[in-house]
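Kindly generate the complete structure, drawing on both the sequences and the hints.
There are 2 protein chains.
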Amino acid sequence: MELGFRLDRGSFQPLYVQIKEHLRRLIEKRLLLPGVKLPPSRDLALQLQVTRSTINSAYNALLAEGLVVSEVGRGTFVSGKAVPVSAPAREPRDAPESDSAGFMDWSQQFSRLGRLPEPSFWQGVEPYVLRPQTISFIGGVPDSALFPIDLFRRVLNTALKKEGKALLQYGNASGYPPLKRYLSTYLLSLGIEASERSILIVNGSQQGLDLLARVFLDPGDSVVVENPSYPGALDIFRSSRAELLPVPMGEDGLNRESLRRILQRQRPKFIYTMPTFHNPTGITLSADGRRELLDLAGQYQVPIVEDDYDGELRYEGPRLLALKGLDTSNLVIYTGTFSKILFPGLRLGWIVGAEPVMERLLVAKQISDLQTSPVLQAALFHFCRQGQLQKHMERIRKEYRGRRDLLLESLKKHMPSGVSWTRPSGGLSLMLRLPEPLSSLELLPKAGEEGVVFLPGPIFFAAGGGERDLRLSFSAVPAGRIEEGVRRLSRVVRRMISDYRHKTAKTQARERTPVL
Amino acid sequence: MELGFRLDRGSFQPLYVQIKEHLRRLIEKRLLLPGVKLPPSRDLALQLQVTRSTINSAYNALLAEGLVVSEVGRGTFVSGKAVPVSAPAREPRDAPESDSAGFMDWSQQFSRLGRLPEPSFWQGVEPYVLRPQTISFIGGVPDSALFPIDLFRRVLNTALKKEGKALLQYGNASGYPPLKRYLSTYLLSLGIEASERSILIVNGSQQGLDLLARVFLDPGDSVVVENPSYPGALDIFRSSRAELLPVPMGEDGLNRESLRRILQRQRPKFIYTMPTFHNPTGITLSADGRRELLDLAGQYQVPIVEDDYDGELRYEGPRLLALKGLDTSNLVIYTGTFSKILFPGLRLGWIVGAEPVMERLLVAKQISDLQTSPVLQAALFHFCRQGQLQKHMERIRKEYRGRRDLLLESLKKHMPSGVSWTRPSGGLSLMLRLPEPLSSLELLPKAGEEGVVFLPGPIFFAAGGGERDLRLSFSAVPAGRIEEGVRRLSRVVRRMISDYRHKTAKTQARERTPVL
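Protein chains in written order, with numbering that gives the first Met the number 0: chain A, 0 to 515; chain B, 0 to 515.
Since the hints were made in silico from the structure, they are not lab data. Some hints here could point you the wrong way.
If chains are identical, the list can't say which one is meant, so a pair holds when it fits in one copy or spans any two.
As the list claims (entries may be wrong) - Straight-line C-alpha distance at most 20 angstroms; calculated SDA-like pairs for lysine to any residue:
| id | residue 1 | residue 2 |
| --- | --- | --- |
| 1 | 411 | 59 |
| 2 | 36 | 65 |
| 3 | 164 | 387 |
| 4 | 36 | 69 |
| 5 | 36 | 71 |
Printed below as a string of structure tokens:
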């Protein structure tokens, strides 16, 4: 460790005091954390061009203040008990104030995107999630208890042993070629015929959608979105300052009549849709619906962005081809991800589209971050080639289907009448609707107190709405906890209903007072 | 493997022919690559709801055409020799045209960014780079022959064994906390005091700069850039439709007088600078220059973006603190990367800045790709904690210094008079200037023919210029090839000079003809 600081040799303060004060400040600011070893006095003396005894004096002074401990034969270490985390560090007048805004008025500097409010996704939920006894229906994520970690570790070793040099160097901007070739065959089962050239590997669907927004959207452009939809996508489109044109979701997917009325009046840059196990509703667009949607898009010459984040997690019913698999005019741009079928932590997804689109996306990808790391892509390729992905998908399909069934049964058993919910044939979540006039935002803190949390509807609705809705994600809740979670939730819902009836009765009683 | 396609049961074409034709098309389009195993006939029969003998007939027809081979007891495989790559696949009339633009007029759909020309970085160079005998001074990259691959493989195993579940799940959007804590101590040696909170992990410097552009730049804003500068950064700023305000590079870094004149007239959103071993010149801003730059920025209240992509690769001279280490007003935003000191393939870098900036960057990061994969971050943390990064840096510093010395000596020995070059005290590259009126763009194809390549000056200059300049990167050229590379380059330069003299002499001879 080197300490890049300058001594003031003209100061009245002895050098050893300057050194001690500097180190004290670093320790108090937790830049040198408990357990960190200070440099041997000889090294630091050389670095700072002072005598070794100057350093020893500084270390002794720190020792006297309990800020460091000395272990014979091992060295001097920052003390564990020394610094109360809240200790306000006293700053020398001219010290860099790394933790403050400094002297700059930043608010004047930011772009419009830089002034966007922070997505309020987690606000209000976090304190409850952190309690160990809370049952969380929040995360639309895979269960990490089912992760084949050792298998993945082995393919990582294979990949690095085989071609570590190439994988750790700069690589192919459009993705690791063998993985793209694998995907090209993988996608056939969805009816998608994608050559290696028409695939771009990205850091998960999120980056895929962000790149699409960059390539298609200028401020003032419009985008059709389902209402409700995935908030992460809505954030992207909003950050591009696009106008959102919401289309309501019907029982068999986005409402084609509403879409037609929009397309008759507007020229959106694209239609963003999740036709299979839609987030948050779990609804799947029917085969007829798919053809109608494609016809509409073709008729009005509007591209479709198909977000197929969890289409492979099908638990029942016939396999439907992806929109992209039915697309004879090549106007569908398809995004997929390994986040739900394998590991979110890989941050790996892909886009498939027409060549002119892929060319522009590649430029946007290079501007954004040059390329996705080849290391994890290569490991993933070996994992897939060994047939492990298919095996893992079979395993989690079975497990998640069981959890979905448990959730549906528990809801039926415990929820009071007036509450309804969707019945997804795959995916990670369902949507529940409370009876009038209950609100999911009001339910959330009460449920949190009771030890159960979910995501409230309004965060999914681009244009308002969803006040009575909430998303229950079942994939990451251990089977043994699902019924208890529903029991807790039902209890709070019943209480809210009865509180409401009580209040209404009172109001009505008051209103029954004759008006004279 | 499943094949998502539909049979037309009303067609005059027998089902087995439909299946055969479909598979033939997939093979010819290279969607089913040589060596891929076709599904067992029983499985495919089940998928397509036909009899097993229908599938067998289809497979036999493919066999007869040599498109597949059958191996007893193993199955049916796409044949290796069957398909000439250039065979034009005949498409059924209604087949998806995955490789073409389809029926959509995409050019009308793209955003302004989507219509940017592709960066022409590699154009013209690629054919020469691919020849094995070519000596390439192009890549400003580390030498993969020096990569500690096995050590890295081991820490990857450690990380996954310790906390695979967490690393493969969604993680912390701002980065893997232990890595951020490590960086906080690491940065002290540059005089930078960065708490864990003021660090954001990004996918390499490129993403760091892209996020900064998103947070600061609206169309029409301006940015000060050095002239020349890193083309990848210029591409980002251009894609944000910012105006570039170029400041010339002097012998001790960016010219402060020019900068002052710009700041007197304009309000740029920030100053983008590489003060240490600048790309492409290799020049380092002096200690005085650093203070002058900070004073100017403070006086005019303009933030500085300090790109310290290779500051740790110092071969001689005193260690200078980073601008960020001297910054008492917290107006410097610092970006660093592991790409040059370790592995580019990790795609890992970081940003340090004032809190209001970091808050906005975190939002932009979440919009862009949610978070950087925790897997490689955790491995890197273990690598650093074991002291391996420091060891590796010592090793490559020594090696690259040797290569720099060899390059300098070879240039001195072989280059004709009139050619000059910079003498970097660290980093990966130097800049060479040809005598008037030679052009590096004209030199490039001639040098390529001679078996040596480099990057021509103009791609680094935001506002024109650099015609006589070229960048020679020495870090990735094996020591034994450096002198030969310079010898080849010198030969071409000499020939160009003599050609020019010859042409001039001729012209002069013609001009000497008396005018009557």
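Q: Enumerate the violated hints, using their earlier numbering and listing them in ascending order.
A: Structure breaks hint 1 only.
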